[in-house]
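Residue numbers (this note's numbering), protein chains in the order written: chain A, 669 to 805; chain B, 669 to 805; chain C, 669 to 805; chain D, 669 to 805.
Any given hint might turn out to be false.
Said to hold, decoys possible - Here are some, though not all, of the chain C residues that point toward chain A, as calculated from beta-carbon distances under 7 Å:
{"id": "1", "residue": "L715"}
{"id": "2", "residue": "P792"}
{"id": "3", "residue": "F794"}
{"id": "4", "residue": "W798"}
Said to hold, decoys possible - Here are the simulated SDA-like cross-link-like pairs (lysine to any residue), alpha carbons at most 20 Å apart as the crow flies:
{"id": "5", "chain 1": "A", "residue 1": "K734", "chain 2": "D", "residue 2": "I758"}
{"id": "6", "chain 1": "C", "residue 1": "K734", "chain 2": "B", "residue 2": "S788"}
{"id": "7", "chain 1": "C", "residue 1": "K732", "chain 2": "B", "residue 2": "A769"}
{"id": "8", "chain 1": "D", "residue 1": "K734", "chain 2": "A", "residue 2": "V779"}
{"id": "9", "chain 1": "C", "residue 1": "K709", "chain 2": "A", "residue 2": "K732"}
Simulated from the structure, these hints should not be mistaken for laboratory data. Note that the coordinates shown come from a computational prediction; the quantities given were computed from them, not determined experimentally. Every residue, glycine too, gets a C-beta built ideally from N, C-alpha and C.
There are 4 protein chains.
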Amino acid sequence: MKLKETTTIRIRFNETDPLGIVWHGNYITYFEDGREDFGSKHGISYLDVQSHGYVTPIIASSCKHKLPLRYGDIATIETTFENSPAAKMIFHYKIFNPDGAVVCTGKTVQVFVDDSNQLSLNLPPFFESWKKSKGLL
Amino acid sequence: MKLKETTTIRIRFNETDPLGIVWHGNYITYFEDGREDFGSKHGISYLDVQSHGYVTPIIASSCKHKLPLRYGDIATIETTFENSPAAKMIFHYKIFNPDGAVVCTGKTVQVFVDDSNQLSLNLPPFFESWKKSKGLL
Amino acid sequence: MKLKETTTIRIRFNETDPLGIVWHGNYITYFEDGREDFGSKHGISYLDVQSHGYVTPIIASSCKHKLPLRYGDIATIETTFENSPAAKMIFHYKIFNPDGAVVCTGKTVQVFVDDSNQLSLNLPPFFESWKKSKGLL
Amino acid sequence: MKLKETTTIRIRFNETDPLGIVWHGNYITYFEDGREDFGSKHGISYLDVQSHGYVTPIIASSCKHKLPLRYGDIATIETTFENSPAAKMIFHYKIFNPDGAVVCTGKTVQVFVDDSNQLSLNLPPFFESWKKSKGLL
Numbered sequence: 669m670k671l672k673e674t675t676t677i678r679i680r681f682n683e684t685d686p687l688g689i690v691w692h693g694n695y696i697t698y699f700e701d702g703r704e705d706f707g708s709k710h711g712i713s714y715l716d717v718q719s720h721g722y723v724t725p726i727i728a729s730s731c732k733h734k735l736p737l738r739y740g741d742i743a744t745i746e747t748t749f750e751n752s753p754a755a756k757m758i759f760h761y762k763i764f765n766p767d768g769a770v771v772c773t774g775k776t777v778q779v780f781v782d783d784s785n786q787l788s789l790n791l792p793p794f795f796e797s798w799k800k801s802k803g804l805l
Numbered sequence: 669m670k671l672k673e674t675t676t677i678r679i680r681f682n683e684t685d686p687l688g689i690v691w692h693g694n695y696i697t698y699f700e701d702g703r704e705d706f707g708s709k710h711g712i713s714y715l716d717v718q719s720h721g722y723v724t725p726i727i728a729s730s731c732k733h734k735l736p737l738r739y740g741d742i743a744t745i746e747t748t749f750e751n752s753p754a755a756k757m758i759f760h761y762k763i764f765n766p767d768g769a770v771v772c773t774g775k776t777v778q779v780f781v782d783d784s785n786q787l788s789l790n791l792p793p794f795f796e797s798w799k800k801s802k803g804l805l
Numbered sequence: 669m670k671l672k673e674t675t676t677i678r679i680r681f682n683e684t685d686p687l688g689i690v691w692h693g694n695y696i697t698y699f700e701d702g703r704e705d706f707g708s709k710h711g712i713s714y715l716d717v718q719s720h721g722y723v724t725p726i727i728a729s730s731c732k733h734k735l736p737l738r739y740g741d742i743a744t745i746e747t748t749f750e751n752s753p754a755a756k757m758i759f760h761y762k763i764f765n766p767d768g769a770v771v772c773t774g775k776t777v778q779v780f781v782d783d784s785n786q787l788s789l790n791l792p793p794f795f796e797s798w799k800k801s802k803g804l805l
Numbered sequence: 669m670k671l672k673e674t675t676t677i678r679i680r681f682n683e684t685d686p687l688g689i690v691w692h693g694n695y696i697t698y699f700e701d702g703r704e705d706f707g708s709k710h711g712i713s714y715l716d717v718q719s720h721g722y723v724t725p726i727i728a729s730s731c732k733h734k735l736p737l738r739y740g741d742i743a744t745i746e747t748t749f750e751n752s753p754a755a756k757m758i759f760h761y762k763i764f765n766p767d768g769a770v771v772c773t774g775k776t777v778q779v780f781v782d783d784s785n786q787l788s789l790n791l792p793p794f795f796e797s798w799k800k801s802k803g804l805l
């Protein structure tokens, strides 16, 4: 079983470049849109994480582009949680254009840092509880 | 006498829009570039202000556009400090294109908020000292 | 009678600054969100305008800030069309926080430029028709 | 022999997030800064490529984060051209903080698309000439 959510966005004029397509760096923002929407729906948003005394900086991100998106396009972000045993939050992304074709795929990796600025080597207790509540542990 | 500084920027690809010109919202970033450069040169940068226990949120900004800027253009920002008696930092901006023509003019107004989150109605002491040191008081 | 639309946005993490509040330049993006939403609902979006052979560059924008917005806030943008006789599109904006308080007010002015890059001194025919259809002429 | 250039940037206030560090998506902009500076110095900038009738969309990008950057930091981007036999432009990036420590590493891959919107499977003639002029062919 995979935890997965889909999020709809509309491409802004200011997100496109002189070629008339979304500037590649903006996909990182769309990944964040997807991740945040996933988090809101599953109780693991940035604000949820912070309420437990942790922040979750991104340590790696990647994106592979297959097709362009244009101004005004309604795109769909599919955000999938990878159930890794590590003390990390790993998300995979697929973005689809209005025709349902895959525009890009991507991945982000986050670690847990506690409020004394220490990297967690083990699952923080709140995250362990969350995984259990979702049937992932 | 007016305190004034000029700052050179190079227009980034990702700052331009499908019309091939700088998206209008990015001029607010250029104003910040000019203001920060002014601040660095005159000891009144954001970090200087913070070291005295204040932050200076923007309460008003405006921009009038006359000509476009394009990707790769080397533009010049002229940032002028307005010597107002109010407990405010007021800057005026002119941006010039590579031919020396005025691309836009603008203005920002900042207030002083202290570390107990109170708006300063009078000049903060550090700002009064700064104005004296610049011959503005 | 005033043409007016409201648009709901959710403040993104990456739109906020080290003070934990929305960076002031991002309000220009929110104004564009409101204007585009208004345009979509009333048949006068950027893509509609372009389909008639015109572009509508912004020649002036301004914003007055009264309260901050924070990450995760659901804000409401109220976009009002000003029925000016000039060959311009003028919009006024009010953004409200989740408590209904006014966060900022703003204004943008756009002109019409045709596909031979000439500024329209008179109302373009499509815009005149649009105004009639909305009871504004 | 590797073609490599270094570029100095100053971190803007609006590039940092509520944690006080650069928002991860902005590193994609810094990579573009490094790539463009490399291009300007070596005659292979985006404008050079376009003058030969090609555009070079990004098909993949990745970034690994090791340390944060903060507002006001002077960072150095090291951009290295990978001499691949493929019809691609591949760049590797290292960004260093003011202490000389590696902040992040990254990579981008670009393809060549000609003015009839066709992907080039072979090296475009101008790119072949450029590689010869640099001793890479």
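Comparing the hints with the structure gives:
no., hint, verdict
1, L715, "holds (5 Å)"
2, P792, "violated (20 Å)"
3, F794, "violated (18 Å)"
4, W798, "violated (18 Å)"
5, K734/A <-> I758/D, "holds (17 Å)"
6, K734/C <-> S788/B, "holds (15 Å)"
7, K732/C <-> A769/B, "violated (28 Å)"
8, K734/D <-> V779/A, "holds (11 Å)"
9, K709/C <-> K732/A, "violated (34 Å)"
In summary, the numbered hints that this structure violates are 2, 3, 4, 7, 9.
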